[in-house]
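Colleague: Work out the full structure, taking the sequences as your base and the hints as a guide.
Chains A and B, in that order, are what the protein sequence lines are. For what it's worth, my numbering labels the leading residue of the first sequence as 1, then goes sequentially. For what it's worth, my numbering labels the leading residue of the second sequence as 115, then goes sequentially.
A hint or two may mislead.
[Stated by the list, open to error] Only part of the chain B face toward chain A is listed, based on derived beta-carbon distances under 7 Å: (1) Ser123; (2) Leu158; (3) Phe225; (4) Pro227; (5) Gly228.
Just so you know, the hints here were simulated from the structure itself, not pulled from any lab data. Even for Gly, the Cβ is constructed at its ideal location relative to N, Cα and C.
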Amino acid sequence: SQQGEEDPQALSIQEGENATMNCSYKTSINNLQWYRQNSGRGLVHLILIRSNEREKHSGRLRVTLDTSKKSSSLLITASRAADTASYFCATDLMIYNQGGKLIFGQGTELSVKP
Amino acid sequence: GAVVSQHPSRVICKSGTSVKIECRSLDFQATTMFWYRQFPKKSLMLMATSNEGSKATYEQGVEKDKFLINHASLTLSTLTVTSAHPEDSSFYICSASPSGGAVGGNYEQYFGPGTRLTVT
Numbered sequence: 001s002q003q004g005e006e007d008p009q010a011l012s013i014q015e016g017e018n019a020t021m022n023c024s025y026k027t028s029i030n031n032l033q034w035y036r037q038n039s040g041r042g043l044v045h046l047i048l049i050r051s052n053e054r055e056k057h058s059g060r061l062r063v064t065l066d067t068s069k070k071s072s073s074l075l076i077t078a079s080r081a082a083d084t085a086s087y088f089c090a091t092d093l094m095i096y097n098q099g100g101k102l103i104f105g106q107g108t109e110l111s112v113k114p
Numbered sequence: 115g116a117v118v119s120q121h122p123s124r125v126i127c128k129s130g131t132s133v134k135i136e137c138r139s140l141d142f143q144a145t146t147m148f149w150y151r152q153f154p155k156k157s158l159m160l161m162a163t164s165n166e167g168s169k170a171t172y173e174q175g176v177e178k179d180k181f182l183i184n185h186a187s188l189t190l191s192t193l194t195v196t197s198a199h200p201e202d203s204s205f206y207i208c209s210a211s212p213s214g215g216a217v218g219g220n221y222e223q224y225f226g227p228g229t230r231l232t233v234t
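Modeller: And the structure:
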């Protein structure tokens, strides 16, 4: 399997604290993406970082990518109770002319307590 | 823009029956659609890549005759779970990649809201 691994599997923090989730993968990638999923719902795309990028910001989100270590991290600053969800990284293996094939990590279940 | 819908959102069926799940791209054309399966508190597992006008490409371990995929138009792909069994109960999610290929080398993918299948 080429699925990535994420840690921690579960993270519980207080509102206002920062949350950091890590993702490791096995093969070369075109890009890495982070998604959020509320319980029993679909996926929400958060951020995409290309293989030639090292860091990207979007609002309270900061993503880093280290292709030499095949790892990425997602930092959520000043967390809110509404950030409670599962977070997945997904690596784009880009297959020519077929659209990107995404392989998902195991996910981190984040709980933010008010 | 870039909305993907799935129908039904929730379905309960009896063992031995077949269930069809639709995935539609509402405001764009999608040459490629992907089908994923997700067990409770688990990650998404790619089942197959569906290409308009051709046969789907299934991932290792996914039974082609069990999970029939049809991508008859640029806006619709269907997944039919044939002769469903309780172990097929799961959350099925589709995604669609707009036609025209990659933007800046990166393919955009848009996810549907998922279909919860329960087989009794």
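Colleague: Have a go at the serine 123 of chain B hint: is there a Cβ in chain A nearer than 7 Å to its own Cβ?
Modeller: For serine 123 of chain B, the interface hint is violated, since the closest Cβ of chain A sits about 10 Å away, which is over 7 Å.
Colleague: For the restraint on phenylalanine 225 of chain B, tell me whether the closest CB of chain A is nearer than 7 Å.
Modeller: 4 Å, holds
Colleague: Let's test the interface hint: is any C-beta of chain A closer than 7 Å to that of leucine 158 of chain B?
Modeller: It holds, given that the least Cβ distance between leucine 158 of chain B and chain A is near 5 Å, below 7 Å.
Colleague: Tell me if the interface restraint on proline 227 of chain B is satisfied: Cβ within less than 7 Å of some Cβ in chain A.
Modeller: 4 Å, holds
Colleague: Would the hint on glycine 228 of chain B stand, with a C-beta cut-off of 7 Å toward chain A?
Modeller: At 5 Å from the nearest chain A Cβ, glycine 228 of chain B passes the 7 Å test, so the hint holds.
The structure does not agree with numbered hint 1 stated previously, though it agrees with all others.
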